[in-house]
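Q: Spelled out from the first residue to the last, the chains are:
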Amino acid sequence: MNRYPVWKYVMIAIILLIGIIYSIPNFFPSEPAVQISTKTEQPIEPAEMQRFEQALKDKSLSFHASENNGSQVLFRFADTDVQLKASEALKAVVGDKYVVALNLAQSTPQFLRALHANPMYLGLDLRGGVHFLMEVDMNAAKDKAYERYEDEFRDTLREAKVAYLGIAREGDQLVAKFKTEQERDAAAPVLGKVYVNNELIWDRKEQDGSYILAAAMSPQNLLNIEKFAIQQNITTLRKRVNELGVAEPVIQQQGKGRIVVQLPGVQDTVRAKEILGATATLEFRLVDDSGNDAQQAQSSGRAPIGLQLYKERDGTPILLKRKVMLTGEYITDASSGFDQNNQPSVNITLDGNGASRFSKATGENVQKLMAVVYIETKFQEVEVDGQKVRKPVKTEEVINVARIQEQLSKRFQITGLDSTKEARDLALLLRAGALAAPLYIVEERTIGPSMGKENIEKGFNSNIWGFVAVVIFMVVYYRVFGLISSISLGVNGFLLFAILSMIQATLTLPGMAAIALTLGMAIDANVLINERIREELRNGAVPQVAINAGYERAWGTILDSNLTNLIAGIALFMLGSGPVRGFAVVLCLGILTSMFSAVTVSRALTNLVYGYRKRLTDISI
Amino acid sequence: MIELFHFKKDIPFMKYGKVTTLISLGTFVFAVFFLLYRGLNLGVDFTGGTMIEVRYAQAAPIEHIRETLKGQGFPEVFVQNYGSTQDVLIRLPVEQGKSGAQVSEQVMKTLKAESPDVQLSRVEFVGPQVGQELYENGGLALLLVAAGIIIYLSFRFEWRFAVAATIANMHDVVIILGMFAFFQWQFDLTVLAGVLAILGYSVNESVVVFDRVRENIRKMRDTSIPDIIDNAITVTMSRTIITHTSTQIMVLAMFFFGGEALHNFALALTIGIMFGIYSSVLVASPLVLLFGLKREHLIPKENGIEGANPDGSVV
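From first to last, the protein sequence lines stand for chains F and C. Sequential numbering from 1 applies to the first sequence in our numbering. Sequential numbering from 1 applies to the second sequence in our numbering.
Simulated from the structure, these hints should not be mistaken for laboratory data. Values in this document were obtained by computation on a predicted structure and should not be read as measured data. Be careful, since some hints might not be right.
Taking lysine to aspartate or glutamate pairs in the DMTMM-like style, the calculated list, with each CA pair at most 25 Å apart, reads [said to hold, decoys possible]: (1) C:294 <-> F:560; (2) C:109 <-> F:422; (3) F:39 <-> F:425.
Facing chain C, according to a computed beta carbon distance under 10 Å, are these residues of chain F, among others [unchecked claim]: (4) 58; (5) 113; (6) 114; (7) 115; (8) 135; (9) 461; (10) 467; (11) 477; (12) 510; (13) 517; (14) 524; (15) 562; (16) 563; (17) 571; (18) 574; (19) 579.
Built from N, CA and C at the ideal position, the CB exists for glycine as well.
Based on the sequences and whatever the hints tell you, model everything.
A: Spelled out as structure tokens, the structure:
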């Protein structure tokens, strides 16, 4: 009765083999490496590769392996010291088309990689780096949409030659005022034609003697705007992170309005935060030339109609026209450089649409003054009614005023920046695109690299020593059956590791704790079985019957107790975030693997040891 | 064979039911009192704020760091050693008008100015909004697990078992929380994960005993319910001790080798394991009795169970 059919042994052996193959890559140490990836679509040519290698040789930095897979070059080094030097050396020579980043390369043998057997990703707490949770300011996204509608209303009505008194935002509505009912009713179909698909909900009313056409964004439209804001921001963040040079970054949406950004290996968090969180954009506006006094506007705090008050870098007030000639969205490329006076400058390239708009706008205004407005949004915490609230603070500055000498088009230059660093950062932000809505950091976790290494050791040590102690305890107490239980526990560990590697889970310190905990709890199944066998023996059953009954009867209990555990694990997974979630994944998978190993694997071992003996009078338990 | 826990006679646990329930009630009230009176020492995960861990080349001048930072406009700074004399943990509440990023930069600048060899090991900044959410989600997870377990056990056993196991379980959780409140150990996300893991683990214990009770009810036709429960607890005693010892060995390994980060996690698990044994034996089972468990509750009229032997047992 204690014999398995051959196919069952074969199946177990195959599962074990798979388990070993897929868990083994985790035990090869990772090597410090520098990765160079291309920003363009073109593959990296061998000639370029040689250029990189030469740069390393010039500095007598030796690498022990290099590979080029077309879009990415990887150099492996003996230690982090050489790695850092090499990264500096490469950054100096690669040029604009490439990004250099530090990385940890796996050293898994080729034949294992061919089977897609890769190690697990190490979480930030194990390899060092920064984790940001950023919240998208949805109100700002909404404001921006209303601003766009406002401009479009004006343009549309002007083109249709419908007179209106004014267009303004009032709460969650855009309100257009008309002198007569006829004008309003003429405007309604004109605007209605532009906005199909019910993106706006219209309302007509009469108020204080003027006729009003009000438009509010439909719920569906708002939802789309939110979705778009998130997606746009993720795309932008991805571009910015690439500019920063980070290997294996994680940028994901979390929940409705949040984005997780994880940058392994990044230590300069100050710069990372500046680049990620800033929403810098440019606006080009005409300077007022009708002789209004900017000083007077500043002291009264009110700008004349159609104008807006700004400040230049040195604090001098300046009046600009409300109408924007061009916004930063049309910028396709920006690079830092120097102008003819050797002052830092940013060279800007526009897309086709932007170029035609800009050439029209500048063409109409040759010889007039144009201002470049730099807009940056940062968040500040203020107290409102005892509640701490984050408020966006917009800094708008005129960085440069210049006379339009000629019609500007696709390419032009802005000057008036303070330093080359500023020119570089501005170029980077412009290149990476504007954020659809401001982001602010609601959670930040930074882990230093030495801390990561220590955490790996700690997690590893607690698992190993815990396991060894459990094995000793089990073998002393249950002898041969204790050994069988211990082997199945080891198998459980391997299988758990294999599954986690197969799904390419991210291993964290809480994850390692969960592995230790599941191993500690998994032994329960074997204890249940062993105790049952002892009990059957005590009740006078012969060994073979006792073994069989022990396994059979313990099964129901094992199932019940593991399922209740699984319920807790699933709840943890559903409601947890970050480290708790990782913990839950390991816990759930561990429960599943332990059911297999504790019951099937240990039974197979028991069968092999005892099942084929003709006359079994005594078992070691 | 080594048998540490083989008892010739069943131990009359149910006789002491009243006493043990009173003891439990006592500890429970004690735990609730400290939870309300002192409250949990919540980490920045839940309260929001900034936590900075730095390492010095020599022993860190804690008092000096505290004074320096207070002088730099951080009146509510909290500084302590973390694991070793070189490691320092700095906690700051959410600062008005400053983002967490700015706070950590400013602190590091100040410390670097004082002693250039100081190194940043870790920064955690959690906004107040996120902290609140994590806290609420934690509570929600607790309720969800309890509900899930009640539903599953009602389906597998009977509602009396389900409710008893859940109460015993919650009793463990409250006692862990009470201990954390009493000693003012820091309660963060990892500890919460530990507490939730204990929920699943501790109910295991009750399930094993209940499983035996059900089996005994079918086999031992002439025995009274309290005696049946006594027998079930006695025969599973050995397994209880061995399993918990194994788990505890693993947890101890975490406690000793896992470093500061896993310290409180291991602590929560240890308390959970200890009280898990106690509560499943001496809380859950008396409760089942108290709820008025009868033989009929588990044996369906007529030969209900599929494939059951004539005596009603299932083998």
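Q: What hint numbers does the structure not satisfy?
A: 4, 5, 6, 7
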